[in-house]
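As given, the protein sequences belong to chains A and B, one line each in that order. Start counting the first sequence at 1; every next residue gets the next number (the working numbering). Start counting the second sequence at 249; every next residue gets the next number (the working numbering).
Treat the hints loosely; a few may be bogus.
Said to hold, decoys possible - The calculated lysine-lysine pairs, modelled on DSS-like cross-linking and capped at a C-alpha distance of 25 Å, are:
| id | chain 1 | residue 1 | chain 2 | residue 2 |
| --- | --- | --- | --- | --- |
| 1 | A | K110 | A | K248 |
| 2 | A | K119 | B | K360 |
| 3 | A | K241 | A | K191 |
| 4 | A | K63 | B | K390 |
| 5 | A | K191 | A | K96 |
| 6 | B | K547 | B | K461 |
| 7 | B | K344 | B | K297 |
| 8 | A | K97 | A | K248 |
| 9 | A | K96 | B | K390 |
| 10 | A | K218 | A | K97 |
| 11 | A | K180 | A | K97 |
| 12 | A | K180 | A | K63 |
| 13 | B | K547 | B | K507 |
| 14 | A | K47 | B | K390 |
| 15 | B | K390 | A | K97 |
What the hints contain is simulated information worked out from the structure, not anything from laboratory work. Predicted model, so just to flag it, every value in this text is computed and none were measured.
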Amino acid sequence: MKKLAILLLSIIGFTACQNDDKDRIPAETEVNFSFTHLFNGEEIELKNQTYTLPAGESFIPRKFKYYISNITFENSQNDAAYKIEDGYFLIDQAGKKEFSVTLPTAEYDKLTFFIGIDKARNLSTDQVGDLDPNNDMVWNWNTGYKFLVLEGVWEYQSSDRSGLIVHIGNNNPENEQNFKAISINLEAKGKNLGSNASINLDLEAELSELFINPNSIKIHELENTSIMGGDVAIQIANNYKEGLFSLK
Amino acid sequence: MFIALVPLSSCLDNPSPNERQGPEFFTPVLASSLQQETFPQLERNPMSKEGILLGKTLFYEPTLSQNGEVSCATCHAPDLAFSDGLALSDQGVSGKKLHRNSPPLFNLAWHKGLFWDGGAANLESLVFGPLTHPDEMAADLKEIIHYLNGSAQYTEMFEAAFETDSITSSLIGRALAQFVRSLISQDSKYDQWKRKEAIFDSSEIRGYQLYQKHCSSCHTEGLFTDLEYHNNGLDISYPNPTELEGIYLGRYRISFDEKDKGAFKTPSLRNIALTAPYMHDGRFVDLEEVLNHYEHGIKVNESLAPELKMGIQLNADERADLLAFLETLTDYKFINNKAYQK
Numbered sequence: 001m002k003k004l005a006i007l008l009l010s011i012i013g014f015t016a017c018q019n020d021d022k023d024r025i026p027a028e029t030e031v032n033f034s035f036t037h038l039f040n041g042e043e044i045e046l047k048n049q050t051y052t053l054p055a056g057e058s059f060i061p062r063k064f065k066y067y068i069s070n071i072t073f074e075n076s077q078n079d080a081a082y083k084i085e086d087g088y089f090l091i092d093q094a095g096k097k098e099f100s101v102t103l104p105t106a107e108y109d110k111l112t113f114f115i116g117i118d119k120a121r122n123l124s125t126d127q128v129g130d131l132d133p134n135n136d137m138v139w140n141w142n143t144g145y146k147f148l149v150l151e152g153v154w155e156y157q158s159s160d161r162s163g164l165i166v167h168i169g170n171n172n173p174e175n176e177q178n179f180k181a182i183s184i185n186l187e188a189k190g191k192n193l194g195s196n197a198s199i200n201l202d203l204e205a206e207l208s209e210l211f212i213n214p215n216s217i218k219i220h221e222l223e224n225t226s227i228m229g230g231d232v233a234i235q236i237a238n239n240y241k242e243g244l245f246s247l248k
Numbered sequence: 249m250f251i252a253l254v255p256l257s258s259c260l261d262n263p264s265p266n267e268r269q270g271p272e273f274f275t276p277v278l279a280s281s282l283q284q285e286t287f288p289q290l291e292r293n294p295m296s297k298e299g300i301l302l303g304k305t306l307f308y309e310p311t312l313s314q315n316g317e318v319s320c321a322t323c324h325a326p327d328l329a330f331s332d333g334l335a336l337s338d339q340g341v342s343g344k345k346l347h348r349n350s351p352p353l354f355n356l357a358w359h360k361g362l363f364w365d366g367g368a369a370n371l372e373s374l375v376f377g378p379l380t381h382p383d384e385m386a387a388d389l390k391e392i393i394h395y396l397n398g399s400a401q402y403t404e405m406f407e408a409a410f411e412t413d414s415i416t417s418s419l420i421g422r423a424l425a426q427f428v429r430s431l432i433s434q435d436s437k438y439d440q441w442k443r444k445e446a447i448f449d450s451s452e453i454r455g456y457q458l459y460q461k462h463c464s465s466c467h468t469e470g471l472f473t474d475l476e477y478h479n480n481g482l483d484i485s486y487p488n489p490t491e492l493e494g495i496y497l498g499r500y501r502i503s504f505d506e507k508d509k510g511a512f513k514t515p516s517l518r519n520i521a522l523t524a525p526y527m528h529d530g531r532f533v534d535l536e537e538v539l540n541h542y543e544h545g546i547k548v549n550e551s552l553a554p555e556l557k558m559g560i561q562l563n564a565d566e567r568a569d570l571l572a573f574l575e576t577l578t579d580y581k582f583i584n585n586k587a588y589q590k
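Working from the sequences, and respecting the hints, build out all of it.
See the structure below:
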């Protein structure tokens, strides 16, 4: 009986509180994502700007694009979560670098998103929107998407210039290797969801991180400057999981 | 539910006899000699008369290619059971030689993986490979959409097939997949013999028995392929230049399974007399060379199909009989079927 009373009281209190805030708390929250791509702290250009890779090689980027998917907002206190269904977003340094999602308003202090495409959607490419195969992100010999593409001109110790090609997808269609979750603490940056009709999440990607942490990638020590699968791709995927993204 | 819907929809739609009723879906009739219970299709892309017609039109459409000269049929010609007669084609936009033999197209609905290594998961996804590969059609999918949208004929055909005025890459893939899935070869002399509509001579019967004994474990009767991947002893080792992304490794580059090194999909023996040269790289010019390989050319390594360790020994008479049987697998009705032609 006592418990019931407490329960009733708390419900009354809760609803009362909600009533008070009714005008202020919107039913839905719009989250605006934007992505900025940096090289050694400097926003990248795809023209003729030369950057230095962590191993001292010079690199002129020409193409940088990747998929963001399976975005989930979480409440670390009560384990509530909301996943954005059918959300596959191609981010392209030469094109679209922002998108918005809308979700029912609730308190969330954590964001998780994935680089790449989940197995369910990676087994066919007759898809539309950002998954349209006309985005130059599908393999032509193995059904599935490239999760992350970095291409450019690479040079080391005045050797001949060659093309650095990084194409990372699923090495093995039977698992979700290289499909990596990235977790962002919203609270730490004062970006909790729950009280505003819209919120801007500005994410930065520091490209040098692709070559450092936890795996040190020295292109000049590799057999080839094309990385399109295999162990090096797996190492780079672990690097994009770890340190590539941060919330501004 | 139905009772409620029927009067409602009849009120709303009020169909006139001239009004289009949507695509006409159907399932092809299968001959018993194909030995298949069902005709597999993707739920998202059921075959319709309108879809197949659109797919066929796209299949023979050179405008899709970058230089306007190459169509799917350039390397998949109906009179060769939709193959091209070349070891490695150089007929693509760039004129550069490809690395794999152009496979014939028939009975693909039953294939679990497409391409010689099964890398493509379904026909709907496969078509973007040859369409966009720089050494094949080198198409820009965005330009194709632009071209198709500007064509009254194509916009009507897409509307008829998919009931939409929005042409997408996805629908191009689905229409082409419907046409290719509709290519069914099941009317060879062998099929007629199985159905007791034709008679085999004694050599063909002996050849059939030799086939059963020596070939049928991989070239399973019915489709005449087990749809699996085997190393049939062509090479001892497999070079792996990075730029070719594991092309010589065979199925291994898809499965990462050691036993798939140098393994390729068992090609069907149906229409085999039309589809020379043979093997994934077209290295054997005729069936004599193929049988020579199985007799004394097998290279033994760890991934070799165990059935082939001892090779296949046939005397001259047996060889002639087997070849006589293989000839019975040529399906003239299939290659002359106007429904499949331009």
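These are the hints, each one checked on the structure:
no., hint, result
1, A:K110 - A:K248, "14 Å, holds"
2, A:K119 - B:K360, "17 Å, holds"
3, A:K241 - A:K191, "21 Å, holds"
4, A:K63 - B:K390, "19 Å, holds"
5, A:K191 - A:K96, "23 Å, holds"
6, B:K547 - B:K461, "22 Å, holds"
7, B:K344 - B:K297, "36 Å, violated"
8, A:K97 - A:K248, "15 Å, holds"
9, A:K96 - B:K390, "17 Å, holds"
10, A:K218 - A:K97, "28 Å, violated"
11, A:K180 - A:K97, "19 Å, holds"
12, A:K180 - A:K63, "21 Å, holds"
13, B:K547 - B:K507, "15 Å, holds"
14, A:K47 - B:K390, "24 Å, holds"
15, B:K390 - A:K97, "20 Å, holds"
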